Amino acid sequence: MKVIIAEKPSVAREIAKVFGATTKKDGYMEGKGYTFTWAFGHLLQLAPPQEYGFYGWNVQNLPMLPAKFKLSIRKVKTKDGIVEDPSVKKQLATIQALFDEATEIIVATDAGREGELIFRYIYYYLKCKKPFKRLWISSQTDEAIKEGFRNLKPGTDYDTLFNSAHCRSQSDWLVGMNATQALSLSSGTRAVLSLGRVQTPTLAMICSRYLENRNFVPELFYQVAIQPDKDGQVFKAVSVKNFKTKEEAQAILDLVEDVGSGFPQGGHILNVEAKPRKEPPPLLHDLSSLQQEANKRKGFTAEQTLNLLQGLYESKLVTYPRTGSRYIGDDVFAGVPALIDHFKAHADFGKQATLLSTAKLNKRSVNAKKVTDHHAILPTGEPAHQLMPDKQAIYDLVVGRMLEAFSQDCIKEVTKITVQSGSLFTASGTVIHTAGWRAVFNETDDEKKDEENATLPKVQAGENLPVIDKALLEKQTKPKPLYNEASLLKALETAGKEIDDEELRYAMKDSGLGTPATRAAMIETLLKRNYISREKKNLVPTETGLAVYHVVKHQQIAQAELTGNWEKRLEEIRGGASVADFQEEIKAYTRTITKELLQTGKSLVIKPTEKVLAK
DNA sequence: GCAAGGTC
-10 MKVIIAEKPS VAREIAKVFG ATTKKDGYME GKGYTFTWAF GHLLQLAPPQ
40 EYGFYGWNVQ NLPMLPAKFK LSIRKVKTKD GIVEDPSVKK QLATIQALFD
90 EATEIIVATD AGREGELIFR YIYYYLKCKK PFKRLWISSQ TDEAIKEGFR
140 NLKPGTDYDT LFNSAHCRSQ SDWLVGMNAT QALSLSSGTR AVLSLGRVQT
190 PTLAMICSRY LENRNFVPEL FYQVAIQPDK DGQVFKAVSV KNFKTKEEAQ
240 AILDLVEDVG SGFPQGGHIL NVEAKPRKEP PPLLHDLSSL QQEANKRKGF
290 TAEQTLNLLQ GLYESKLVTY PRTGSRYIGD DVFAGVPALI DHFKAHADFG
340 KQATLLSTAK LNKRSVNAKK VTDHHAILPT GEPAHQLMPD KQAIYDLVVG
390 RMLEAFSQDC IKEVTKITVQ SGSLFTASGT VIHTAGWRAV FNETDDEKKD
440 EENATLPKVQ AGENLPVIDK ALLEKQTKPK PLYNEASLLK ALETAGKEID
490 DEELRYAMKD SGLGTPATRA AMIETLLKRN YISREKKNLV PTETGLAVYH
540 VVKHQQIAQA ELTGNWEKRL EEIRGGASVA DFQEEIKAYT RTITKELLQT
590 GKSLVIKPTE KVLAK
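The letter at position 156 of the first sequence is residue 145 when you use the working numbering, and the numbering goes up by one with no holes.
Hints were generated in silico from the structure; no laboratory data involved. Owing to the predicted nature of the structure, the values given are computational and were not obtained by experimental measurement. Fair warning: there could be bad hints in the mix.
[Claimed, not checked] In silico SDA-like links for lysine to any residue, alpha-carbon gap of 25 Å or less: (1) Lys219 with Thr407; (2) Lys119 with Ala10; (3) Lys358 with Asp131; (4) Lys66 with Ala82; (5) Lys219 with Ser412; (6) Lys352 with Ala424; (7) Lys64 with Glu103; (8) Lys287 with Arg427; (9) Lys340 with Lys359; (10) Lys116 with Lys135; (11) Lys517 with Pro37; (12) Lys(-9) with Tyr23; (13) Lys66 with Tyr23; (14) Lys21 with Arg2; (15) Lys135 with Phe29; (16) Lys64 with Ala506; (17) Lys118 with Pro(-2); (18) Lys142 with Gly564; (19) Lys21 with Glu103; (20) Lys359 with Tyr302; (21) Lys(-9) with Pro143; (22) Lys6 with Lys135; (23) Lys64 with Gln39; (24) Lys79 with Asp89; (25) Lys405 with Lys287; (26) Lys64 with Glu93; (27) Lys57 with Ile71; (28) Lys517 with Gln545; (29) Lys(-3) with Leu141; (30) Lys264 with Gln409; (31) Lys405 with Lys359; (32) Lys405 with Ala424.
Take the sequences, apply the hints, and build the full model.
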């Protein structure tokens, strides 16, 4: 009997379907001489400190450097405290029984570093010795699965991938557990002051943005605006230059040849530039972009969106939610026309779906090379009945985005008029000619409406127009806004883009800080630690968060570069580089950071009850 | 009591 093990039930079911195996058992499926079972993500994790004899939180134990890491069953919080997750224990027993009977194991966990780790931890924990092969596919269509099975790889091909995964896991444990205890113990408070490779740089980003925002000194500047009149249609043009002083602006204002100053035709059109602009549709959603969109439109937190989306996934209404790719492969694309047809009768999107069903589809989101473990989020086309309003809202964002992504470009005309009236002024305006993908939600551009004219009259160079009004505008420079969940998620994705070192920047280019699956939980961790709080839609640090930030802000553990550095080394390990060298470096770093925090933590001061208020 | 990673 051959046993196929997937990362999660949904994938095992898909594979079983391709094999024509339909017999459902408790924790697995079978048929055609195969058995199909699954994990639920990581069933096993590196054992906590007490399992190596590091009892309690004690300076004497630090740094904790286990000679050999152990694995333990994933824990869950209950009213009786933290216990081994019973559903995990049960599934592990099922897997063990199947492995015992297996002649061969086929590993079908997700095609990536963590997928490899999920399987290997199970395999080693169960002390299994059976041979295994690896299924390596990046989409779960029937054809991709069949092709993958025709092309199974030797399990040992992925030994170095496992090494890199195991190193990642150990390093996070060593640095996180030790730094957390060191800071918590030395601070003298009884609070848990957690630190980690991902959470601490994130906290640092929130704190530094907050301080920058709070300490920002706005500068006044001045502009001059005029209102030329073309046959009764008035538009607004603004001085090309900004002025530091009111006097400079006043001098320009005085030069304006407006009607009131005795110039009946004092607005000279110097130039009219009308450029058509194609605006391609947005890419399909991955988890992060959907969380950002839902936060902007609905105010949902990253965690809420993930939970709602998980619910839709479990009801089989959307594809796998925790994806980091905004693309689909050609095989999935082949099914898109039929998928779009499902929404022809949809209340809001029916019109666009009908339009699309006969149109040429935009293939911007189709790129098999950019599909990683999972493709972008799509609706499945299963009928969605009577969803709760919040769930419906998320579902509509997924469906709407699908229709947008496969629609044609939006064609705009961007017009810029240059007017001379004493000095130079410009007016700009955008007219949409063909809505294209923008027809789906029927919304115009996001934010930058401030200075734009909705419509500009048709004017030609050489015309002279009356200027019927003029004004001196007083404006202020603005600070970068505080982070909210949407902008923070975006910043986490792109963290690393500003790293100076080219190699580190490259190593982080596909990852950012954290992963799509973990970012929502990480934000919740910072909230739970009372490091940050929500003030309206913004995320602002508390006194505790700022106090921790001040202690660690110059340390490596607070920099996104740390992840870049690790990713670079882990990639080398995957390519066959020495595991021991990296482990020694991590141990050395653990010793250093622990020692430093035991010292500097003493200077940490928290004003316990007081919360920082957002401006 | 603690990391980051995955999933129900």
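Results of checking the hints against the structure:
no. : hint                : result
1   : Lys219 with Thr407  : holds, 14 Å
2   : Lys119 with Ala10   : holds, 23 Å
3   : Lys358 with Asp131  : holds, 19 Å
4   : Lys66 with Ala82    : holds, 21 Å
5   : Lys219 with Ser412  : holds, 19 Å
6   : Lys352 with Ala424  : holds, 18 Å
7   : Lys64 with Glu103   : holds, 19 Å
8   : Lys287 with Arg427  : holds, 19 Å
9   : Lys340 with Lys359  : violated, 30 Å
10  : Lys116 with Lys135  : violated, 30 Å
11  : Lys517 with Pro37   : holds, 20 Å
12  : Lys(-9) with Tyr23  : holds, 5 Å
13  : Lys66 with Tyr23    : violated, 35 Å
14  : Lys21 with Arg2     : holds, 14 Å
15  : Lys135 with Phe29   : holds, 23 Å
16  : Lys64 with Ala506   : holds, 18 Å
17  : Lys118 with Pro(-2) : holds, 24 Å
18  : Lys142 with Gly564  : holds, 17 Å
19  : Lys21 with Glu103   : violated, 29 Å
20  : Lys359 with Tyr302  : holds, 22 Å
21  : Lys(-9) with Pro143 : holds, 15 Å
22  : Lys6 with Lys135    : holds, 11 Å
23  : Lys64 with Gln39    : holds, 14 Å
24  : Lys79 with Asp89    : holds, 15 Å
25  : Lys405 with Lys287  : violated, 34 Å
26  : Lys64 with Glu93    : violated, 30 Å
27  : Lys57 with Ile71    : holds, 24 Å
28  : Lys517 with Gln545  : holds, 23 Å
29  : Lys(-3) with Leu141 : holds, 19 Å
30  : Lys264 with Gln409  : holds, 21 Å
31  : Lys405 with Lys359  : violated, 37 Å
32  : Lys405 with Ala424  : holds, 21 Å
Of the numbered hints stated above, those contradicted by the structure are hints 9, 10, 13, 19, 25, 26 and 31, listed in ascending order.
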